[in-house]
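> Spelled out, the chains give:
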Amino acid sequence: MSNVLLNVENLNTYYGKSHILQGISFSLSDNDCMAILGRNGAGKTTTLRSLVNLSKPDSGNVIFMDENLKNIKPYYIAEKGMTLVPENRGMFPSLTVEESLSIISQYNSNNLWTLPKIFELFPSLKHRLKNKSNEFSGGEQQMLAISRALLTNPKLLLLDEPTQGLAPNIVNELFKALSSLLKSGLSIIIVEQNIKMALNLANKVSVIGKGKTKWTGSKSKFQNNTGVQKEWLGI
Amino acid sequence: MDYMEDKMKAVNYNPRLRLHLFIVLVVSALISIFFGGYFTRFFIAEIAILSIFAMSLDFLAARGGLVSLGHAMFLGIGAYSTTIFILNLGISPFIATILSLLIGCFIGLLISYFIVVLNGIFFIMVTLALGEMFHAWVFTSELLGGSDGISGIIRPDISFMGIDMNDPFIFAIYSLLWMSLIYFILSRITDSPLGRNLDALRQNHMRLSAIGGYAKVYKIIAFTISSGVASIAGSLYVQLNGFISPELTHWTVSGEGLIMIIVGGIGSISGAILGASVVYILQHELSNFISWWMLIVGLLFILVVLFMQDGLWGLIEKLRLRLLKGKNKI
Amino acid sequence: MISFLFRYFKLLITLPFLFCVANANDKNIIKIGTLLPYSGVYTVLGEEITNAMKLAFEEQEDIFDKKIEVIRGDTEVKPNIALQKARKLISSDKVDILVGPVSSSVALAIRDVVVQTKTPLIIPNAGANVLTREKCSKFITRISFSNHQINAPMGTWMANQGIKTAFLLAPDYAAGKEMMSAFRDNFEAGGGSILGEEYTPFRKTKDFGPYLARIKNSGAEALYVFYAGGEAINFIKQAHSFGLGDIMKITGAGWTTSPLFLPAQKDAALGFIGSLNYVPSIDSVENNNFKKAYIDKYDRVPSEFAVQGYDTGKVIIEAVKSLSGDISNKEKLASAINNISVTGPRGPLTIDKKSNNVIQNIYIFEVVSGDNIPELKILDTIQAVKDPGSGCNL
Amino acid sequence: MTLFLLSAGLTIIFGLMKIVNLAHGSLYMIGAYIGLSIWTISTSFWLALILAPLFTALIGYLLYQVLFRHIQIADPMRQVLLTFGLIYIGLDSVRLFWGTMSHSISAPNILSNSIIVLGESYPSYRLFVIFIGILIAALLYIFLEKTKIGAKVRASVDDPEMAKLLRIDTDKILIYMFALGCGLAGLAGITVAPILGVEPGMDMEVLVLTLIVVVVGGPGSLKGALIGSLLIGFVDSYGKVYIPEIAQIIIYAVMAVTLLLKPNGLYGR
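Protein chains in written order, with our numbering: chain A, 55 to 289; chain S, 100 to 429; chain V, 5 to 398; chain D, 4 to 272.
Calculated directly from the structure, the hints in this document are not laboratory data. These numbers come from a predicted model, not from an experiment. A hint or two may mislead.
Stated by the list, open to error - Per the computed footprint, the stretches of chain D lying under chain A, defined by three or more beta-carbons under 8 Å from a beta-carbon of chain A, are:
| id | stretch |
| --- | --- |
| 1 | 155-162 |
| 2 | 167-179 |
Unchecked claim - Not everything, but these chain S residues come out facing chain V in the computed CB check (under 7 Å):
| id | residue |
| --- | --- |
| 3 | Gly136 |
| 4 | Tyr137 |
| 5 | Gly248 |
| 6 | Asn340 |
| 7 | Gly341 |
| 8 | Phe388 |
| 9 | Ser390 |
Glycine included, every Cβ here is placed at the ideal spot set by N, Cα and C.
With the hints as constraints, model all of the structure from the sequences given.
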């Protein structure tokens, strides 16, 4: 067994006055890939945002690499090695690809991820360095978004609906890249509508319903538990 | 962006406390009118009229989620149209007020049709620009008296009922009546299904826009009502003071109105009245003693904005809760 | 619930009593209420007037054992605020005489209250013609000027100097237009003609460049202009840097180069010819004494605003003296004020019975270089100028 | 061009930080007054030109640390009211420190004459102001478009949340950009002082105009601020002269039309 990388305890987050997360708990080890599943509006996106403090949890703890992230700014969390690729991919319309990639501060020289390695993973980006990212297709945007995230040298990558709006062949390509990332030692939490694809990648599953963690376990246990699948996912 | 919207403050809403506060304010105003002198009566009338203006801004901000820096324009519309009705057309002032209300609503409707689609900051800027445009026009308009304004405007003559409106005592009561009427109307709207829809709209901008053009319609309704109320305030203002000049339509008047509702507590309606009273009394008293009162008032504004999220209303509510607790222990 | 209401009451019931405290009226104090700007952009005028008026009161130890108390009312140059302050001064402070205001819109706003309550009002600046014409009253005395009074003599004078054509430039508001039309009437009556006129948005014009270009091309022999405050400074400096003075005479209402603005305008103002009811270079005992006292006390050369304030103070003192100190009857006080004639720093002053506007000398001056700051050299003095207002039956 | 310097500062603050800064005019005024004091003490206009913007930027830095940090995420209404309070404070503190008299600053000798441009004589100081405007526009362009920090700034404008996730310290960037915006206001104040003088009330005179430029140009867009200030400046100056009947409302009309056609301004995102 590997070490515990991330431990989430009873997370509660408000969105205005509405209580969105009402108790999210799970934990993740090194090199795990967890799929977070749930219906629309169950609180999946908010969960990811709460992990990196973009939405501040009101109570509960996020412990990442033995450190409690309470009141730590997203910027420092990213520096510690956890970053999020949001649903809208967070493109910078006024920046070229080259600029988008260059603005990420790289302090230490023994970085795992460098530009050449990125281009190895996503060769198509290499030819579009001077283009602005808002001219890109959805797939290219997603690749750029993941590349940017990788350049921050994360230990844990949070992906919010990475395949949304992408053509099937691009989705396949993307998942190929993601599984090679997993092989290189990265951990991933993925929120995905496409449950089948997500389960191909993941080894753990957490199910969220109405803002609460309803079920957590390994992929095989999930696949055998039709009760959970039916009640919370409608499969 | 939806996360930004989310951070808009929750609206103070507590009908019982609202009514209590209103009664207290009206009773203290009545006491002042009965026992105060000539000046005090005018002062109370002026506060009552400003309260109407503050309530219109409060309604717009709390129910429509719209912040207007150009609302003084509607004060001006009410004031100038009343002036014209009384002086040029010889219409009785009471009817002039009603007509001004209609004109204010109509212009509000017309303007809001174009501008409610703009989001927060843009809306503020556009209302500011529209207000300044109106100010600039009034300032040079020969018809409206230009920079010197128009004076010699009379109050409603209801001497056939044996009441002399030129008595400040009577006029103060008259203003309070209008203020109360508007308070009750706005309270009713707030508590009605329309009010609840408006509130839902404000609290979750994104979700309601999903159900089509209704969001826009609601915002237009809120803006129109608010413009009409501000016009009434303008109309009464002219009748109180007997003159009108362009200074009334300057954007800083709108800004001071917003300060009043922030001090009172946004969304509570009677908080707007409280805020208007407190800010106005404060400015008046301070400027009698020190010439750099603006510095102090500015500082107070900033402190309120920073540290008193719910204004005086929030303070009273907290106090009330504490009292409640204390009582339950005994 | 009722107990709650009572709790609130205790908090709020004290509030009304703040206003119920009426000031006791001490018979041995003459209360002067000022309605002047002490905050906002016109503060400097309010200060000049108040300072000089106090100077006049200080020179007079006491009048029939009475002390003079000045209660300041800050108008903020907002008519509604001014009206409220007027009511307060009249009904709470029970002042005997009101002094103010600076701007005409404020004057018109407070006019009715003053007349209704029969409180004598002495206007130390506001110049709207209508205040001593259609809106005049026996309770309103203007010791300063009417817009017509300052500008009309200049029209005649310039026509007499042989200037045939002029261009008019002023801010687009009531006073600006009144001044220009007064000048125009007399200039045209003297045989001159106006080649063009421009009214610039009031307090919103920073760049006079486009106007200057137009004026240059108009071919007029003279420019007649009125500006005050920052606009006056900007205009004079910009006209100078555009070399307008080389092409035509720059003339105008004297406030454009008031001693208040000259330190900022400096040599750019040289050659400007203007008309005003006071210039510091008047050589009379009254003016020299006043100038000395004012500079000693406030460390700057008095402006015409200060003089108007000082004369206001003088008139009040003389009026009280003429009543032997008994000012309890406000109608008598008002007519005493209107019957005063004094000689102040700007020369002899009397009140025109037909309008209650002051009759005074108007000085035509030219800006010439001085020690450090330019000075106003008197070219001509027009004696005892009246405002034509006469409709006021007192 | 003054309008550009002011608008550039405001557009940075407004577009980047989503702060509606009504006190921008006050900073312009304070910049001019600080310049006045430096000029009076040192008699060097150049020293004032350099130091006044720095002091104004420092004031901006402090304001941000003390006030804006807390309301940055709050609704626009609070920002409006907070800065409204600052206008009051600005006006009175200028009065307390510098009095109520109007002042003026002389242009340095080498810029006090006139130059013949296209057959018309034109005051050389005005050309200098235009030069400063172009210089600042160019410097800002290079800074924002060609440097890595500039790219970070733009990223923070485009999507502040994402920028944070990419290890960009947006808070630090915001505070320096706020100070820069305030500094530009101060620079505008001291630059125009020799033409327009220094007096209380100058804050309000430019505020609305500046806001209109920013809204017309599109908040956060430097190009928008430049084009917008030229457009509004031109319409304002010449509209008044050639169509005086509607002079008072013409710039507002330009703004209204722009927003009806392009709700985010000419170059808004």
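> Run every hint past the structure and note whether it holds.
How the hints compare with the structure:
no., hint, verdict
1, 155-162, "holds (count 6)"
2, 167-179, "holds (count 8)"
3, Gly136, "5 Å, holds"
4, Tyr137, "4 Å, holds"
5, Gly248, "5 Å, holds"
6, Asn340, "6 Å, holds"
7, Gly341, "5 Å, holds"
8, Phe388, "9 Å, violated"
9, Ser390, "4 Å, holds"
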